[in-house]
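K.L.:
What follows is the residue order along each chain.
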Amino acid sequence: MIPLLKLEKLTKRFGGLVAVSDLEVEIRPGEILSLIGPNGAGKTTVFNMVTGFYEPDNGSILFDNQEICGLKPHLITKCGIARTFQNIRLFSDMTVLENMIVARQCRAKTKIAGAILRTSFAKQEEREDKERLLELLAFFKLQHNYELKASALAYGEQRRLEIARALATDPKLLLLDEPTAGMNLRESETIMELISSIVRKMEVTILLIEHNMNVVMGISDRIAVLDHGIKIGEGTSEQIQTNEAVIKAYLGDVAFKDVDH
Amino acid sequence: MSFELFKKLSWVLILLFLVSLPYLRVNIYNLHVYTLICIYIIISIGLNIIFGHTGQISLGHAAFYAIGAYTSALLTAKLGFPFVLAFFCAGIVSLIIGLGVGAATLKLEGAYLAMATIGFGEIVRMILIHWERMSGGPAGISKIPDPSFLGWQLHSAQSKYYLILFVTIVAFICYRNLMISNYGKKFTAVKENILAAQAMGIDTTRTKVIAFGISTLYAGLGGSLYAHLNCYIAPDAFPISESITLLLIVVLGGMGNILGPILGSIILIEIKESLRMLRDYNMLIYGFGLMALMIFAPKGFSGINIFRIFKRVFGKKI
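These protein sequence lines are chains A and B, in that order.
The first sequence maps to residues 1 to 261 in the working numbering.
The second sequence maps to residues 1 to 318 in the working numbering.
These are computed hints drawn from the structure, not numbers from a lab.
Hints may be right or wrong, so weigh each one.
[As the list claims (entries may be wrong)] Okay, derived cross-link-like pairs now, DSBU-like style, lysine-lysine, Cα gap no bigger than 35 Å in a straight line:
(1) LYS272/B - LYS78/B
(2) LYS7/B - LYS130/A
(3) LYS109/A - LYS8/B
Since the structure is predicted, the reported quantities are computational estimates derived from the model, not experimental observations.
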């Protein structure tokens, strides 16, 4: 099967620090691949390279068999990759619906002249977009709050809006950066259910960064583990749980010494 | 009476009031002030687009105002262009220079952008003062013809008021349409969170340059109207304090608020004009007034409750 996203020899250095080193990962269409690893392992750096916020020092990023390495972030979004942020980055002074509208703009056909003249085409497109976006909000149980300012939402709702907003750009690949950060068990479960239903219903492939192991083990098809910028393991959740290198990275050598004695 | 009907009625009433203003026992001087307010509305609408909505400061907007005024003045007074053609040329010249300046400076942020735009404003002023063969130097350009429109020579204060009022209304409608459209939300997104805007597929550099371009187009058109209103222009009409006045109008009117430029222009220019009789004390009171306003109405005039009703009536989609 042709991978949807293929990272080849991807490398990023910050001065003397090698944040990501020769990373090779493939993501198949329709799967949920989780990227895990201790703090500072380089996970978010990978996200920032895939979405064009960082330029890699070396390597290539193939999306749909197309080189996207070096493209600007907005062009990568147009290609069909959307992301959420680890620390929420909503347009907080805009309403929930407006947040969605902004994301939808990358697919809009109305140009600036159409907007100024308020042509019937522009109005029609705005009506259709609104209908669609409200449906999408309903999927995330945010439809009743669509006229509220994004900053007025509860924390969990803001996290859901981040995901909904990313989906409004019509992505094929969705990158979620710790979607359950700062959530309690129940809220995390809701997010997990949402993520798996997104994959089923919307034909979206997901690359997930997550610290919560319950979430990761529960919904991932495959898991890739990073430590100090190097991939130290890849496989299903069972394979990862028994992988020595992975256990070492998380618990240190001590874990094995204790077992020996 | 339904709200929709009330909305439409309010529009009609306001329009009637504006049209009948010259007949309401207003003297020529006051009419001149109202006409000037219209010009300020046009230019501050432009500044509100780039500063209020898109969040990019410009402290050199008087330069684009000047570019529009001089373009129009030179084309009509020296080359004999008809007013309408010169008016549009003024807008286009200002727009082209604006797109160039925008593309060069809008990668800067905050204080650096402010410095760069101040620099540009001063360059333009210096060119106008020293390139005497083109601009007439400090003495400026006089004998700019009155605006003519479809064969009419608009000489009286009244006819100029109507012309400029008409342009102001068209400029406002275009601005309002753009800002309530989905397209217009991109500008606010750039102000709110530039990284998120990029991640949502918005070309933020392009969006900023477009916003800057529109704002300089408005400034150029306003400048042209100013030149033909007074029939005389000189570099000292466009000092840096003029850029600051424009910025004050936008901030006091309400940044990023559709009605902000209108309220800001009316109130600020009226205050300035009515304080003239106080002579030496006028700047003192003006200064204190501004401070008080910022303390009691930090979101500008359109943030004050009485004006919220205006916003509900005129600000939303019809």
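K.L.:
All hints, please: hold or fail.
P.N.:
Status of the hints after comparison with the structure:
no. : hint               : result
1   : LYS272/B - LYS78/B : holds, 34 Å
2   : LYS7/B - LYS130/A  : holds, 24 Å
3   : LYS109/A - LYS8/B  : holds, 30 Å
Going through the hint list in order, the structure satisfies each hint without exception.
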